[in-house]
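Engineer: Chains as they are written, first to last, in our numbering: chain A, 410 to 1029; chain B, 8 to 354.
If you're looking for bench data, these hints aren't it; they were derived computationally from the structure. There may be inaccurate statements among the hints.
Okay, the calculated beta carbon distance ranges per label pair [what the hints assert, rightly or not]:
no.	chain 1	residue 1	chain 2	residue 2	range
1	B	Glu231	A	Pro870	57 to 65 Å
2	B	Lys28	A	Thr758	29 to 37 Å
3	A	Pro870	B	Asn124	30 to 38 Å
4	B	Met303	A	Pro870	42 to 50 Å
5	A	Thr758	B	Glu158	34 to 42 Å
6	A	Ala903	B	Thr350	42 to 50 Å
7	A	Pro835	B	Glu334	28 to 36 Å
Listed below are several chain A residues computed to face chain B (Cβ distance under 7 Å; list not exhaustive) [unchecked claim]:
no.	residue
8	Pro835
9	Gly878
10	Leu915
11	Leu916
Some chain A residues judged to face chain B by a derived CB distance under 8 Å, without partners named [unchecked claim]:
no.	residue
12	Leu539
13	Arg647
14	Ala661
15	Pro676
16	Lys696
17	Ala705
18	Ala713
19	Trp864
20	Ile876
21	Ala882
22	Glu969
23	Gly972
24	Arg973
25	Arg976
Cβ coordinates follow ideal geometry from the N, Cα and C atoms, glycine included.
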Amino acid sequence: MSETVEKPIEELESVIIRFAGDSGDGMQLTGTQFTNTTALLGNDISTFPDFPAEIRAPAGTLPGVSGFQLNFGSRRILTPGDSPDVLVAMNPAALKVNLRDLARGGTLIANEDAFTAQNLKKAGYASNPLEDGSLNGYQLIKVPVTFLTMQGLKELGLPKSTAERCKNFFALGLLCWLYDRPIEPTLRWIEERFGKLPEIAEANSTAIKAGYYFAETTELFPKHYQVKKAPIEPGKYRKITGNEAAALGFVAASRLAKTPLFYGSYPITPASDILHELARFKNYGVKTFQAEDEIAAVTAVIGAAYGGALAVTGTSGPGVALKSEAIGLAVMVELPIVIANVQRAGPSTGMPTKTEQADLFQAVLGRNSESPVAVVAPATPADCFAMAIEACRIATKYMLPVFFLSDGFLANGAEPWKIPALSELPSFAIRHASANGGETFQPYSRDEETLARPWALPGTPGLEHRIGGIEKANLSGNVSYDPDNHAAMVKLRAEKVERIANDIPLLQVKGQPEGDLLVLGWGSTYGPITAAVEQAQHEGLKVSSAHLRYLSPFPRNLGEVLGRFDRVLLPEMNMGQCRMLIRARYLKDVVGLNKVKGRPFMISEILAKIHELLEKGERA
Amino acid sequence: MNESNGDKERGQTEVLSLTRKDFASDQEVRWCPGCGDYSILAQVQKVLPTFHLPREKYVFISGIGCSSRFPYYMKTYGFHTIHGRAPAVASGLKCVRPDLSVWVITGDGDALSIGGNHFIHLMRRNIDLNVLLFNNRIYGLTKGQYSPTSELGKKTKSTPMGSLEQPLNPVAVALAAGATFVARTIDTEIKHLQQMLERAQQHKGTSFVEIYQNCPVFNDGAWESLTDKATRSDHVLTLEHGKPLVFGKENEKGIRLHGLRPEVVALDAVAKDDLLSHDEKLDDTTLAYMLSRFDMPQLPVPIGVFRAVEKPTYENLMQRQIDVAIETQGEGDLEALLHEGDTWVVQ
């Protein structure tokens, strides 16, 4: 590609880059394209898109800043990284919001054209930080991105605003050269995406090439960097986000169960992408139903389950609050539904685009009366695929509602996913009741192993029966106010959930099976916990980790695992909900590390707590 | 799942020989003595055998309230759901099981208060369901509070000095929401009630039937002027498609339009051609809506079919999109789906 003298190339083990700009600057797109290219090169990756809830907050202001961080390397990458090595700031507001995270001595690439008096004022800068020496602790590289983009596109004769909008592709081209990534995958993507708008396609292609060649030529960048392939397990890979993986998991479950998928949902951040994905899969027989509200979404799903579909609803915490009564109905009528809750910071509307794990109580306990359900939680974006299948398997086998607890961090974050062979996927056969030759049908008869009642579909001759939210007599399913029957049914519904423990994997401990400290986690804290514990183990500390993907019921060896460690630390993005459940059940004094900032844990935060606990332990 | 059309099942011998008794469950009916619900249950059990569908194809879905106990008394599939949500449960069921004949049983509080949102969205989607709304203008199961159809000033336990709210008119709401089949009948008008049930079953799309029903305990006589033999013929206007609007003991009165205002005229003074004629098949809902607003004392209360127009059903459109997707993209292959997009191989 180069016509000039080759610049030297230096090898790096891993790099953390954050793209930051105005919500209208296309930073999510830039980050995603850089990620896709990087994935194709065989690096391990983890990403963290961080954007405001406002579609377009006023341009140039602090609330309008949108960021995309990715960590990629030639080694295993478990998190999007604590602090970026490189910050690309497209305007003063992006710099102001993100500078505090940039590693000391890190590289700051700033679009100097955007540092106008007006923009500086909007960001609250009294003087231009690019000029006043306040950034001396960083490697500041000022690039006139807007000017160079306009220059590059001059000959296309586009309106000024259209040309200027291509500056994110210029920045992408620049970063591609700097980290030795090809631009061809993005050029192909532009062709596919904007094929019908040849002017836009040409403008974007020209901008990315301009950025690439500028970086190659300019003396601002005396060298560039290379990150080799990571030693990843052999296989075929694709990049996947948590919401994409969940959608694929539900389709896969539908195929495995040979049962058509019905997905009822009401749009809500950050769960809507599951609906968007599934709406594309009509040729898989998937029926998506955008309901009039959250309650209609879950009740339509209950109706679909009653009719024999694999029935799933997706939402976030506020939606679950509205669905609670209906979930109780599904508990009572013992129909299989899956509720995917992509958690976000709350309470109430909270921070819709920010992550949190504070709906665990809501999932486990959040309904009137004794209303037990199963709860599973994926650990990584790609794990959403496996756990979506698990949720469907458990729901249909045990005839009950199952929560799939994802969160904003998993939903939007991406990582490489080793595509499983179909033969590796769990098989689960679904049985429907059929006429039993004259005997009166008992809709609440029980499977001996699972205690599940039969799934008897309307339309089956001879099985006509009535179900409902009123307490049922066991076996006959008739309305019953009998005190002993109610007590027995309450216990039976709980026992049904407990028996799932015989049907799920035991909790695995990473590291020594016993020791001074176990760091226990659930859900999206897997990455930072694993990285922090590996670091601590490397330092010679007697620390192990274990991760819960099943929260109701817990794996049946959890109590025993807890007993093998002197202390247990449980980091979670809430005020200690899993910790309280575990303390209540196992009487183990678990220590919490609780973060409720709408942001995932940093490795260093967990590592610091590990150090603190073990130092204290030594003193004691 | 059996997705075959219910019509194909016709001709089965056991279907032809079904009687009213075959649709009565073994559960004791527990409505108050004299409740209008008894009549509705009896008429439903009477007409179902005439539809020649196998019993297992029927599903009755209800919400909460006195009327919502209905499914327990039917020897069909039945689902007593939660307050206000029966339309949504039924919608989900019908989307995945177009082969079933699905009936929603609801009341004025269930459908129009707590379930108002689902009700209007069901009407606009035109899913092929039958909705029977038992309107007694009171909350019976909770023992006598005013309902969304109670008249302004209604004195109840929760409104000792009178209700402050204008009542909703269920037929008008259904029409405004775009319902393709809208009818009204009365619990005591046995033949008419049966006819409306038949018409509802015949209609492809959402069929809404409001049934004026008496609650002898908490709101006795709510519809008395329409059911009392002495006043009935002067107060009730029976709608018939293509026929002029006439009523009265001797059909001696009619409705004429004076500008945009309907008025009662004596037939001996007016030619029949000058009377307003009913047309249930109009796509435009203006006439149907005007009729829905007829009320005593100025105008008689219409019963019958206000609107019956053919439109594609939601579940058929949903299935058609799937069929088109399969035609154009081929039947989905899970292997191909998992490998969709950019992939790379690690050796």
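Engineer: If a hint holds in the structure, say so; if it doesn't, say that too.
Structural biologist: We went through each hint and held it up to the structure:
1. For Glu231 (chain B) and Pro870 (chain A), the hinted distance range of 57 to 65 Å is not satisfied, since their beta carbons lie about 44 Å from each other.
2. For the hinted restraint 29 to 37 Å between Lys28 (chain B) and Thr758 (chain A), the CB-CB distance of approximately 55 Å leaves it violated.
3. Distance hint check for Pro870 (chain A) and Asn124 (chain B): the Cβ-Cβ separation is about 36 Å, which falls inside the suggested range of 30 to 38 Å.
4. Range check, Met303 (chain B) to Pro870 (chain A): about 48 Å between beta-carbon atoms, so the 42 to 50 Å window is met.
5. Between Thr758 (chain A) and Glu158 (chain B) the CB atoms are about 39 Å apart, so this pair conforms to the stated range of 34 to 42 Å.
6. Evaluation of the 42 to 50 Å hint for Ala903 (chain A) and Thr350 (chain B) yields a pass: the beta carbon distance comes to about 44 Å.
7. In this structure, Pro835 (chain A) and Glu334 (chain B) meet the distance hint of 28 to 36 Å, their C-beta atoms being roughly 32 Å apart.
8. For Pro835 (chain A), the interface hint is violated, the least distance from its beta-carbon to any beta-carbon of chain B being 13 Å, above 7 Å.
9. Contact between Gly878 (chain A) and chain B, as hinted, is supported at the beta carbon level, the nearest pair being about 6 Å apart and thus within 7 Å.
10. Of the supplied interface hints, the one on Leu915 (chain A) is violated, with its beta-carbon coming no nearer than about 28 Å to a beta-carbon of chain B, more than 7 Å.
11. With 7 Å as the threshold, the beta carbon of Leu916 (chain A) stays out of range of chain B, its nearest partner Cβ sitting at about 28 Å, so the hint is violated.
12. Look at Leu539 (chain A): its Cβ only gets to about 37 Å from chain B, farther than 8 Å, so that hint breaks.
13. Of the supplied interface hints, the one on Arg647 (chain A) holds, with its beta-carbon coming within about 5 Å of a beta-carbon of chain B, less than 8 Å.
14. Interface hint status for Ala661 (chain A): upheld, as the beta-carbon distance to the closest one in chain B is roughly 6 Å, under 8 Å.
15. Proximity of Pro676 (chain A) to chain B is violated relative to the hint, the smallest CB-CB distance being about 15 Å (cut-off 8 Å).
16. The closest approach between the C-beta of Lys696 (chain A) and any C-beta of chain B is roughly 6 Å, which is under the 8 Å cut-off, so the hint is satisfied.
17. Residue-level restraint check for Ala705 (chain A) holds (minimum Cβ-Cβ distance to chain B is 4 Å; threshold 8 Å).
18. Because the beta carbon of Ala713 (chain A) sits about 4 Å from the nearest beta carbon in chain B, less than 8 Å, this interface hint is met.
19. At about 11 Å, the closest approach between the beta carbon of Trp864 (chain A) and any beta carbon in chain B exceeds 8 Å, and the interface hint on this residue is violated.
20. Contact between Ile876 (chain A) and chain B, as hinted, is supported at the beta carbon level, the nearest pair being about 6 Å apart and thus within 8 Å.
21. The interface hint given for Ala882 (chain A) is broken, as the beta carbon of that residue sits about 12 Å from the closest beta carbon of chain B, more than 8 Å.
22. Annotation: interface hint on Glu969 (chain A) violated; nearest CB of chain B at approximately 36 Å, more than 8 Å.
23. With its C-beta approaching chain B no nearer than about 39 Å, Gly972 (chain A) sits outside the 8 Å limit, and its interface hint is violated.
24. At a threshold of 8 Å, the smallest CB-CB gap from Arg973 (chain A) to chain B is about 36 Å, leaving the interface hint violated.
25. Using the Cβ-Cβ criterion of 8 Å, the hint placing Arg976 (chain A) at the interface with chain B is not satisfied: the shortest such distance is roughly 38 Å.
The earlier numbered hints that this structure contradicts are 1, 2, 8, 10, 11, 12, 15, 19, 21, 22, 23, 24, 25.
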